[in-house]
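Undergrad: According to this note's numbering, the residues represented by the sequence shown are 1 to 143, in order.
The hints are simulated quantities; they were obtained by calculation from the structure and are not laboratory data.
Please note that the accuracy of each hint is not assured.
[What the hints assert, rightly or not] The following label-pair restraints were derived from C-beta to C-beta distances: (1) P55 x L125: 19 to 25 Å; (2) R133 x A37: 26 to 32 Å; (3) K5 x G42: 41 to 47 Å; (4) F76 x S124: 36 to 42 Å; (5) E28 x W4: 32 to 38 Å; (6) A121 x S32: 53 to 59 Å; (7) L126 x P17: 32 to 38 Å; (8) E89 x Q36: 21 to 27 Å.
Note that the structure is predicted; figures quoted are calculated from it, not measured.
The C-beta atom is built at its ideal place from N, Cα and C for all residues, glycine as well.
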Amino acid sequence: AFNWKGAVLASIVVALPLMVRAVRLSFENVDSKLEQAASTLGASPLKVFFTITLPLTLPGIITGTMLAFARSLGEFGATISFVSNIPGETQTIPLAMYTFIETPGSELEAMRLCVISVVIALGSLLVSEWMSRQCSRRLGAKR
1 AFNWKGAVLA SIVVALPLMV RAVRLSFENV DSKLEQAAST LGASPLKVFF
51 TITLPLTLPG IITGTMLAFA RSLGEFGATI SFVSNIPGET QTIPLAMYTF
101 IETPGSELEA MRLCVISVVI ALGSLLVSEW MSRQCSRRLG AKR
């Protein structure tokens, strides 16, 4: 599909393994004794998940989401292969940078997009760190 939905799908397909790995590791690190203790105290499996498991895995979920977002920001290969480079329709920041670099005299526009990409990346890093600290603070952990 040569539209924005195809570009989103291409980014998801490429970035999802990074997110799944981070989230899986986060779930594996949850102490099962905590879940068992909650179960023996009468908590339903759903309540155990939402009160024990999910809060403990939230930093990993946030990390995985940020990794996937960062990977999607720089996605070039899958996007150009599957949805082409149609300005205003499927053109992402990396594809626009490529177009500007290939066009003589458009290096300044490519540099502007590069700066925008760096600002977005730094902003997402700051948000990720802030969210991780908030989660750690809620869980009572020291960082």
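Undergrad: Against which earlier hints does the structure fall short, listed by number upward?
TA: 4, 6, 7, 8
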